[in-house]
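Undergrad: Okay, here's what each chain looks like letter by letter:
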Amino acid sequence: MRAPRGLAGRLCYGGDYNPEQWPEDVWREDVALMRQCGVNLVTVGVFAWSRLEPREGEYEFGWLDRVLDLLHDGGIRVSLATPTASPPPWFTFAYPDALPETASGVRLRHGSRDTYCASAPAYQEACRRVASVLAQRYADHPALALWHVHNEYGTWCHCGHVAASFRRWLRDRYGSLDALNEAWTTSFWSQHYADWEHILPPRATQYLANPSQLLDFRRFVSDELLTRFVEQRDILKASTPDVPVTTNFALGPWVPVNQWRWAREVDIVAIDHYPSSGDSLGAEEETAFAADLARGFAGGAPWLVMEQAPHHITVRGRMRPKSPGQLARLSLSYVARGSVGAMFFQWRASRGGAEMFHSAMVPHAGPATRAFAEVAAFGTELSRLSERVATAFAGQASGGFASRVAAGVALVWDPESWWALQGPGLPAPDLDYWAAVRSVHASAWRIGVTVDVVAPGADLSHYRVVLVPCLFLADQSAAGAVETVVRQGGHAVVWYLSGVAGTDGRVHPGGYPGPFRDLLGLQVEQHVPLPEGVSVALSTGGSGSLWSELLHLRGATVVATYADGDLAGEPAITRHAVAGGVAWYVATHLDDAARDALLGGVFRAANVPVEPGAGGGVELVRRRNGTVFAINHTSREAQLPLCGMDVLTGSVANGELWLGPGRAAVVAPAS
Amino acid sequence: MRAPRGLAGRLCYGGDYNPEQWPEDVWREDVALMRQCGVNLVTVGVFAWSRLEPREGEYEFGWLDRVLDLLHDGGIRVSLATPTASPPPWFTFAYPDALPETASGVRLRHGSRDTYCASAPAYQEACRRVASVLAQRYADHPALALWHVHNEYGTWCHCGHVAASFRRWLRDRYGSLDALNEAWTTSFWSQHYADWEHILPPRATQYLANPSQLLDFRRFVSDELLTRFVEQRDILKASTPDVPVTTNFALGPWVPVNQWRWAREVDIVAIDHYPSSGDSLGAEEETAFAADLARGFAGGAPWLVMEQAPHHITVRGRMRPKSPGQLARLSLSYVARGSVGAMFFQWRASRGGAEMFHSAMVPHAGPATRAFAEVAAFGTELSRLSERVATAFAGQASGGFASRVAAGVALVWDPESWWALQGPGLPAPDLDYWAAVRSVHASAWRIGVTVDVVAPGADLSHYRVVLVPCLFLADQSAAGAVETVVRQGGHAVVWYLSGVAGTDGRVHPGGYPGPFRDLLGLQVEQHVPLPEGVSVALSTGGSGSLWSELLHLRGATVVATYADGDLAGEPAITRHAVAGGVAWYVATHLDDAARDALLGGVFRAANVPVEPGAGGGVELVRRRNGTVFAINHTSREAQLPLCGMDVLTGSVANGELWLGPGRAAVVAPAS
Amino acid sequence: MRAPRGLAGRLCYGGDYNPEQWPEDVWREDVALMRQCGVNLVTVGVFAWSRLEPREGEYEFGWLDRVLDLLHDGGIRVSLATPTASPPPWFTFAYPDALPETASGVRLRHGSRDTYCASAPAYQEACRRVASVLAQRYADHPALALWHVHNEYGTWCHCGHVAASFRRWLRDRYGSLDALNEAWTTSFWSQHYADWEHILPPRATQYLANPSQLLDFRRFVSDELLTRFVEQRDILKASTPDVPVTTNFALGPWVPVNQWRWAREVDIVAIDHYPSSGDSLGAEEETAFAADLARGFAGGAPWLVMEQAPHHITVRGRMRPKSPGQLARLSLSYVARGSVGAMFFQWRASRGGAEMFHSAMVPHAGPATRAFAEVAAFGTELSRLSERVATAFAGQASGGFASRVAAGVALVWDPESWWALQGPGLPAPDLDYWAAVRSVHASAWRIGVTVDVVAPGADLSHYRVVLVPCLFLADQSAAGAVETVVRQGGHAVVWYLSGVAGTDGRVHPGGYPGPFRDLLGLQVEQHVPLPEGVSVALSTGGSGSLWSELLHLRGATVVATYADGDLAGEPAITRHAVAGGVAWYVATHLDDAARDALLGGVFRAANVPVEPGAGGGVELVRRRNGTVFAINHTSREAQLPLCGMDVLTGSVANGELWLGPGRAAVVAPAS
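Residue numbers (our numbering), protein chains in the order written: chain A, 1 to 671; chain B, 1001 to 1671; chain C, 2001 to 2671.
No lab work stands behind these hints: they were computed from the structure.
A few chain C residues facing chain A, derived, Cβ under 8 Å: (1) 2184; (2) 2189; (3) 2191; (4) 2192; (5) 2193; (6) 2194; (7) 2205; (8) 2207; (9) 2210; (10) 2424; (11) 2429.
Heads up, the beta-carbon is just placed ideally off N, CA and C, and yes, glycines get one too.
With the hints as extra help, turn the sequences into a complete structure.
TA: As structure tokens, this is what we get:
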């Protein structure tokens, strides 16, 4: 009789395990060390294609068999990867047309990873073959807990295979050439297409590219890669219907996938997350944002942080070691926000290769180190948490880690607006959607309010506040979802640059912010980017930078005006009362204090609960079952008015929990 | 009987009109709005090739017929463009060898604009064909006022077609390989050519390229593009001998054409001008410079500003809105300096495409905007000016806008020196010819002296002062023209780096500044570039930066020495009295105040008239018939000792004209 | 009867002479001017291939015959170059496969210099042919003193020829694919090679390249170029066994050769040196470093500075003129440190070409200049020095310039560690091996201690102190050589990042610094790169920046701890007493004062002699025969307690030599 499959039951702890880099005698030490620190899940085989299939059609599974057996014997479950993110050298020689081409026509060669064209038939065929072979061989292996397809989907290619596939995608999207010509405004600069065959991926060209072509190409890349994922997923599912399948989403500006579309196709959302903020508490807020994003992708369901660097944060290429306890606090922050565990890249630091200095659970200096001690200590803590929560909520359907995070505020996140704001010909060269959204998230984080990240157009009817930073691409459905909140008596805060264009990338006629005009009670006549380094004072104190706009009010009232600069006296922040709710517009990039003050007022007005004691580096996240995760990221003791049992320590708080510097608690409500 | 053709009679007002981007119902609104704001000329069809010839040899003229008829019915004349600046997608597929190649051999593809090789036979043939078809169809259309060939000629290619054409050009220039080898100093680095066929355009190479090859290639590109223009012009002229033909010159460091050569071939000089200065009054001075340049190209004759951005100035990629009234003031500055109107890109803001955020006469928010109100107000003002000037000077041959700008100072401008100072291996990596010339022009502008921009070697006998900033390439004829001014009792001011090399790019033997040595009475032994950010004090106060030189005086006397630095005590500014005139040499980049003081002194000594009240942001330009354009770019009222009637307002000034902040006047002399 | 060949006897003075750039009447003036300023050696023909062989197989030697005869008649010896650094245009057309390809596959074209692939058979064949022809024609020319093969070997190519040759080199190095796969850690990212034919040079790839592949490719490039040198050398030697053969080593981060391996193959080490330091005394220290490096390459034997710029130092692309006397002082510094002369690029400034502004012995302004006067004055001084030293040490075997520089301190220099620290995936993006070594050398220079530069693993038994900055790649032999110094009672100072990896680029297991752990008595657990611009205070005063490390002491004692920052209280500098000697470890980049203090103490403890009066810009270098070169680079008079005769002036010092600002002396011991 087969053991139950999947991840249910315990919080996961572990990381990428690449035994192929080590002699077999190291493997036994690995398993012993894993057990010592509570590792219960490892990802195996992500980059093992050249070891599994050293020559085309010749497979060597013996080593992997032994690895999986060893792990199983040690009680460690396996997330088994298909190795398709990095074809072996032989593949690139056998199928040179399956190598990627840059926009300039440079054919990339083997020597790193990810060297393939996802639209090349030979690559697709090879992926299906290797996934099938793995599925057949390991379907019944008792260690198998999860299928991990590929790695961080996100490669680009501009070759002829891609051109053909892009054209098919465009035909599906537009139906007719006339529709495409209209959507792409090909009447500008004589780009009218008379034949589908004339359409290309965006390749090196003389001057600015067509922004709609760029935008659609990014959408195509996302969908094309998703098709590749689905092909493998379906092969794996056919062999093991009971084993969940996922892939690890990468986050960051280079990633050409729209996770909202992908999330529907995975059994559990998984993210790799490498924060890059070097300033005080930046990595903490960035971690919370990534976790909220992942939970959003998952629609509120549990998800998993699949990779993080155990011991460092890379800031502008510099690996900055985490401070003592930071590994535990950041990991717990993911868990608080819905992750069913904490995984790392990688288990043991490599001796060579391009990531040999990437920190690992077992560092180069071995296990007799502070670094490994942190890994072991947190593993133990996580294991205890896992057991106690299971006990505390035994038998409760909404209990334990299945209980969802409670949030009354929604934050709209739209990768397509991000892409559009990376296009050519914008009013300013440094528009940064990611930074704009992060600044809004950070305000809520500092205030101590947990937000749900949502897709544009999602159902927002159960939120009291919706935050809409710089939603450049917005059609009526996105605006309608926001309006619903206001019409129900809630608050919407919309930032500059929202609603400028429709989802086809074309400017809405009649003035910005297009479909938000009526809701906000105003029209934007002109964008007024502020010069670099210049800020303008506001009448209410505080300041704006980066951007401003010339507004005409059509029902909205002025909250703040510019106190100086070219727009002195013109409105900078407005409010529009609509049907019991309020729609706010913020036409400039507020400084942090001003934004915190504005949002703090909105949250109060909307009766959004703020956890007492939260904010300012003390992170509190409440689950619907009443459990509160409390993490003190500061170097001061925090006093929290919580009641219940801290399941980490077993101590009971009766309205006053003292949380030491750097310490955490998970308080279950008194039953 | 046909109406008179061309632009004579009225000041032009309008812009690029791209009706192909809009449904026909918008066209009627367009014409109504144009009439509302005094538009009388629009440029049509610049990027319409793919709409006019959607498939090779298949033409669709109906829409253009209707547009021209509508405009004509509205009393609006048309500058009809040939669309050859952007071949349609089908062209690039039918003739892949007509696509441009970068110096690295990357073949550029369709997807922007300007994707063609001007040396490719297929492109040349297609251009002639489309120009012929347009010429035949619209020769008799009553709206046709001007032919506008192509757009901003300025593309580069390095392909085999270009190589062959470059070789033909070099054969014409040099006659023999020996002459080319000598001029290019191919004895350096073993570059001696034994066969014409071995000569290439400057392609990607291992290290520094041959600077003479680079220089000649830029000359070739200019001439090759000019040949393309002349081919089209002659086709158009054959159909409509009475319609003037022009093309719009782009200005800026990327432009590979020598406008001095092109200006001879157009019926009216037209420029596109996009100032990029963000600092105080920078755009105003830059506008005056561009206008003086255009008037120079035109030999003092009327010219036309064909494109400007109505509502913004782009500074380092950031679109900074113009201040209230700035559209009018800058436009009037062009007119004051000889433009026969003010044209914009473009009429109506596009909904899509790479320039959808480029400001337009009708903005995205429509005509009920401040922006459109400025367009309409200035159109009305310009129309009034046009009529009143016509009345005031009725019957006077030299009256009205035909009267030329009066200037006693010449400023030498040489695009080839600019190109040479962008070459490899120079003594400093940041030599900036454009900035150097602009700094000299700006001094005259601040002082209130209007200068004529002239080509090196031009007849300067009617000037009292000639300014020669950094004329790196100079042969005896250029120096002789300068000497003429001095020998007639005038003043010449020559700046560092002048006369270093001949027009072949080779250093003059015997010490810098080559052909200017005798006139200036000195020899430069050594260039002494100053470190970044370092300035040296001068004995007379003020300072120099960027550059200095070790001089040996051979007749010149010292005006100022360096007060500190490596050259302390050595001469920085010298004067040499020759035959009643004076030749000055300035060996460093003076700070603005020091340059203003020096030139102010020179102008006084040379009896160059300065308009009282001019300078410091109050712009006064005098025509030979006595009309004075006065534009107050400042925020202070200006008092001007002018006599005559302000034709803008009809008020009469008797020696005291008060000009409010931001206001302008055009004062015709009392008759 | 033939005259003696080679360089023996006199100090060399001269430079690159390119008569092919000038008409023959200039040649006679050249020789006269050379004689006037004491030139006795010129390098001829470096870039003359296209003049010597204007068409394949057709040679024109007449002009070179006349040049050599003229020089010989003038008493000037010739360093005759093979011209293979720049094939003629015809070569690149005849053999397009011999053109270099970039990593992106861009085929570079003629138009600069160095446009060839060193692995292309056609190029190799052409080089052998032209070297043979030259060897045969000029073997007996009496002016021939030295063969100068090629110029600054250092070109890269990534083409198919290179791939084939790289594979052969790898087969030689590794023997088996298994060994290569192990050394390159190809198990990472699925890079396992199943066939030699699948290995490529590092070409454009999707993401980070394999660092071991990069490192081996740099080694291959060095060896491949060396093979080319040896081929030519052997041809020349076969014709003229008595004429020394060399090539000029370039220095700088772009240079892909390991001079330690090359130095064994040349008859005399020659370097080209272009300091690039703009700050105070930077060029002086950089000159001393280059000279110490060259002497190190030569194993302490005499060497020659073959190129320097006579009159300028290029700092970030800006040519900064040398100060008065600096030409002489820097030249004398090379001589003091073992150069048998002072050579320049080039004799006469070119009128055209990419280096026309490179300063020359005869500047554009001709010989009646300060610049030429400096050249002539130093030539006279050098000639006098040469004669007087010959006289002073007549008959002494170890006398004169054959006497070696005396140094008790060794500084380890390893180009392969430099290369490895330029690889991908390092803990910080701005690790700068060159800067780290220079900082250590500069401390010794400021203190007044002359150091010998040595290769890792060299015999160090005669040194009292060995300095080991950032020796990233180190195996047991390198560590053993250092340990020898300590076990003999000397001192070793090892800096951070040393011993991290073996020479195969793989991290040593068990913690950094690998093979130095026992000697230093410590283990490094974790790298802690410091943020840009941040420094941490040390307990002993002073500060560290750039880098720090978490140490575990295993016998070492603490010298200094961090006083603040993430590692506050942890050791920053340690000492470990071993067998009478001391091994120091410095885990951070000390500020200059702290490093000077540390090394000053180490030198004192190790009884390394410091010349009284040396340091702080007064450079004193002692030869083993007691001669002391004293160069005052400062603007203050220096008092030096020296005894003996200044052979430059003939004056005698009895324990007190006053050296004026900018002056130099060469004091021979009283006999």
